[in-house]
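K.L.:
For reference, the chains in residue letters:
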Amino acid sequence: MKKIILASIITLASVGIGATPAFAGSGNTSTATGTATATIVAPIVLTHTTGASLNFGRFTTGTGGSVTITAAGVGSVGTDVTFVPGSSTSADAFTVAGDGSRSFGISTTGGNVTSGATNLAFTTTPSATTATLTAGGTSSFTVGGTLTVSGTAAAGSYSGTYTATVTYN
Amino acid sequence: MAGRIRPLLIAPILLGLAALVAPASAFAAPGGTATMTGSANATIIQPISIVAVNALRFGNMARPTATGTVTVSTTGALSTTAGMVGNTAIAQGSSGPQAGTFRVTGDPGRQFFVTLPTSATVTRTGASMTIALFTVGALTGSPVGTLDIAVGGTLTVSAAQTVGTYTGTYQVTASYN
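Quick note, the sequences are listed as chains A and B, same order. For what it's worth, the numbering used here labels the leading residue of the first sequence as 1, then goes sequentially. For what it's worth, the numbering used here labels the leading residue of the second sequence as 1, then goes sequentially.
Bound-form chain B, shown alone:
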């Protein structure tokens, strides 16, 4: 896409040239005609796009007897600390742990950066939990067509955590430099 003019935009540009050149020529000295050739360049690049592909899932876990954490890595691997040790070793059904993923699409070779919030909150009626979000590698780069970004998180679960399913959202933004 770089360096090419979209066909749709050629027509307006040409019209603009014609509209301006024509009135200007009215001021040319009488008895003569002067022609100047201007050059015009426009480069339309593919807009950057980021879309959410997979939800960040922590799966099912038993409520602990002491506060602990559950971490889902950017590859979807599960680890636990403190009171949560062993509490995730239960049947997960069809919604087991997985990393969150996003796909960035943009102009090949163009530098961009991604901003990820440091935390997210998941809630259910009357209760909430906090997730510390992280990813791997630099959140900048030059996509060759597309680039996939994986997001992991560390969930903190307290001994008094209300039983139930918690959900939440977080915003990830991709921008050209």
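Pulled out of the complex, with its shape left as it was, chain A reads as follows:
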């Protein structure tokens, strides 16, 4: 008698559980779906414009001084340095490609121009230190600088390099 009653109770209890939607499944297990996301954006690419250069022009040193080129390419001299007639100056130019509408930073180093054993130091200044790529993912900037000229620098053609870096903000 006792066993029969217990069996019936279990059966009824099971029916009760099964009929209750909240207990669908066994109730012993539950599964959730997690979501994962990641976004890859186009890398930022800096390209030096072919033929462009930071050109400090042709000048006489006098007792020394400086030559400054704005990021727009306009030259000026300081102290005893004088441009010679026909001298032309220019700012350097770069193009940038990357993720549309994304902001980026621009940094440039200084450097030295060299002729023989003589080095003349220069600093550079980009046209902007931050910029934003167009919706199409392009941008550009220019670089000016200031060259320090010693009064003892030998006549000659001086050249050198510097480094420009762009970084996504």
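Worth flagging that the hints you see were computed from the coordinates, not collected in a lab. Every clue listed holds true.
Beta-carbon label-pair distances, calculated as ranges:
id, chain 1, residue 1, chain 2, residue 2, range
1, B, A160, A, S76, 40 to 50 Å
2, B, T65, A, G136, 16 to 26 Å
3, B, T65, A, T35, 23 to 33 Å
4, A, G86, B, S79, 53 to 63 Å
5, A, A72, B, T156, 38 to 48 Å
Values in this document were obtained by computation on a predicted structure and should not be read as measured data. Heads up, the beta-carbon is just placed ideally off N, CA and C, and yes, glycines get one too.
We have chain A already, so just place chain B on it with the hints.
P.N.:
Here is chain B on its own, set in the frame of chain A:
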């Protein structure tokens, strides 16, 4: 909840007793009445439940020039290797990296375990990436009401990875022992 009978279930159980006891008594010896008292116990426990709370997000990253990985820890901290070094240091907007989280709810004190797949795949049109999933600590325990589980992952990004937003899903299951 443990040790208590849900009120809704009391009625069916009592009916069952009555239905069985009554016919059985018809076979009792004539001229007498015999009564037996049976005991019945039922313990209904709270079903285990796991729900997803936060998505596992790797955020924005620049495509590398060589294959690398990005790892989001279970606390949401970001780390990178190989070609991905530095590539996550970009503006994240409103969807920066975060750990995935789930909440387990169950019968207080009852042992349970959670199964997490070892990997997940995120896709976009024509491309996919694989995430190695991990969590911290034992995936077993006795929730006191609720227990939160954090999921981290390591995403592998190749140099040829198509630019775009990738999404995917993975299934996490909690079960009573």
